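Protein chains in written order, with our numbering: chain A, 2 to 414; chain B, 26 to 126.
One should not assume that every hint holds.
The following label-pair restraints were derived from C-beta to C-beta distances [stated by the list, open to error]:
no., chain 1, residue 1, chain 2, residue 2, range
1, A, F248, B, P54, 51 to 59 Å
2, A, L6, B, N70, 21 to 29 Å
3, A, D286, B, P54, 49 to 57 Å
4, B, H65, A, G68, 34 to 42 Å
5, B, M51, A, T400, 14 to 22 Å
6, A, V23, B, G46, 28 to 36 Å
7, A, P22, B, R77, 26 to 34 Å
8, B, R77, A, T25, 16 to 24 Å
9, B, S106, A, E104, 53 to 61 Å
10, A, G68, B, D59, 53 to 61 Å
11, B, S106, A, T25, 32 to 40 Å
12, B, S40, A, T304, 16 to 24 Å
Rather than coming from a laboratory, the hints here were simulated on the basis of the structure. None of the values given here were measured: they were computed from a predicted structure. C-beta: ideal position from N, C-alpha, C; glycine also.
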Amino acid sequence: MPFGLLKYGLRRRYPARRDVPVATELKPSYDVVIIGGGGHGLAAAYYLAANHGITNVAILEKGYLAGGNTARNTAIIRSNYLTPEGVRFYDESVRMYQELSNELDYNILYSERGHLTLAHTDGAMRTSRWRAEVNKHLGVKSELIYPDEVARVCPQLNMSSDVRYPIMGALYHYPGAIARHDAVAWGYAANAARRGVEIHQQTEVTGILKEDNRVTGVETNRGVVSCGKVLQAVAGHSSVMAGMAGFKLPIRTIPLQACVSQPLKPFLDPIIVSGSLHVYVSQSDRGELVMGGSTDPYTLYSTRSSLDFKEGLMGHMLELFPFLSEVRLLRQWAGLADMTPDFSPVMGLTPIVNYYVDSGWGTWGFKATPVSGKRMAETVATGKVPDILEPFRLDRFDTFEQVGERGAASVGH
Amino acid sequence: MKIIHCPLNGPRNISEFVYGGEVVDMPDPASASDAEWADHVFLENNTRGVVREWWLHVATAYWFIAERDTANEEIVRTYPSSDIFKERVTFAAPDEEQGTS
Ligand SMILES: Cc1cc2nc3c(=O)[nH]c(=O)nc-3n(C[C@H](O)[C@H](O)[C@H](O)COP(=O)(O)OP(=O)(O)OC[C@H]3O[C@@H](n4cnc5c(N)ncnc54)[C@H](O)[C@@H]3O)c2cc1C
């Protein structure tokens with residue numbers, strides 16, 4: 002058998018398929034430079050090429066492909082937000098995700114599980130009902146359910162009233178899903194590269210070149226590149242990059258940590274979130290429990306892990322699932338979340354002409370990868386901000402028109 | 026465990042403290058434009074490097090200043106806020122003549 006395989010392996014007729022070609026030298030100039038090779042930058046490049054025919058594009062990534070928050074998130078996809086602006090936007094993303102494996106011809110392991118946001122207080126019950134009504138009004142399937150129904154949807158939950166935060170009900174969001182985050186990035190990268198987009202890893206942008214108030218190029222550790230337009234999509238480094246371009250953002254960079262358990266037999270179908278207990282958990286296709294909580298209590302540009310996080314998370318996890326007490330943790334890690342005061346993104350135009358921003362993705366941006374890619378590509382290609390992005394413009398803070406999503410975005414991801 | 030040297034209570038576990046944001050000058054509320062005020066309230070320097078910050082020791086309700094490197098979490102220096110705020114800050118009510126309606 003091994004010899005039979007060798008025969009194929011050595012034949013020229015069966016070359017190994019390379020999804021993302023190795024980019025060679027940087028060209029002196031591109032139509033569009035995208036800073037940041039995470040899911041958002043890659044998706045924007047794909048839609049620029051696929052929907053707008055713009056292929057003279059370079060993605061500059063300082064590390065390795067999609068090694069930032071795209072590689073570190075817990076992959077929860079949902080649209081059960083609180084504001085009509087938010088629901089409409091994330092719903093477009095969920096619908097795109099449902100078709101994405103086909104569109105990219107790349108299996109992103111999209112797995113629809115249902116999503117339960119547990120309510121343990123009267124206030125949380127009220128917010129859940131509010132979210133359910135807004136969701137239904139906009140055609141998104143969410144319901145407020147009570148303890149008997151919660152126990153039916155997730156029989157493993159500890160429904161005892163003899164705990165610190167008994168479960169009073171939940172917001173049940175039927176289309177809640179998880180997907181393989183790396184595959185989302187690779188799928189976009191492969192399809193963008195196939196259309197001519199160049200992906201340059203180990204290429205760090207160190208300065209922005211401007212004439213008057215118009216961007217003309219970028220400085221990198223590999224030399225200067227001139228370009229017509231720039232899109233920055235650098236998540237936790239958004240403020241640093243905007244600082245190079247010459248404007249400020251309403252963003253604080255705060256670590257968000259997560260961890261996985263050793264693999265277990267499949268037992269947990271829905272995604273479980275508890276705002277009061279600051280935990281969320283789902284079971285991956287490999288059987289690992291993927292777990293996370295709130296952001297760290299202060300700003301930081303380091304992806305260190307902390308014991309405080311682990312201790313706090315596990316105490317609460319065991320209140321929901323006491324039988325997990327013997328299960329071991331396998332890995333713990335952190336990403337740098339770009340947090341905004343209203344828990345909504347900052348997207349679109351900037352004070353610099355031809356310089357566009359895709360930021361403020363905090364703890365909630367993986368689910369928005371397709372819609373932001375598509376809509377930012379549209380913004381860059383046409384120079385006009387589509388209606389669906391209008392609420393998320395940077396200058397909403399000048400006019401005090403925030404899109405308050407705290408009640409739906411903080412721990413719920 | 027991360028330790029902060031509180032100027033009042035000495036070295037304590039960081040979990041006893043609350044982060045209060047960067048120390049920044051407040052524009053005069055009576056004369057600031059909307060844009061200046063929005064900048065003060067919402068926009069952040071979000072510096073990667075040493076930043077002068079407010080911290081609170083919760084158990085003793087004591088606010089002080091820490092200089093902290095946000096690139097590597099090193100706490101460089103802590104001191105009482107009286108070291109930099111020498112005068113009492115008063116928040117004057119808007120001028121009567123401007124009307125209060
Ligand atoms: C632990 C954790 C759990 C999360 N869970 C969820 C979840 O369940 N659901 C959800 O929707 N969202 C979640 N998120 C949020 C989500 O991961 C992010 O919002 C999303 O991945 C952001 O994608 P991005 O492409 O903008 O950023 P990234 O993937 O971080 O990409 C930005 C890239 O920019 C590069 N870069 C930075 N500076 C430069 C420079 N100077 N030059 C060149 N390149 C540069 C970085 O190296 C990085 O690769 C989570 C985040 C974390 C950290």
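- Could you tell me which of the hints above the structure violates, numbers in ascending order? Of the numbered hints given earlier, those the structure breaks are 1, 2, 6, 7, 8, 10 and 11, listed in rising order.
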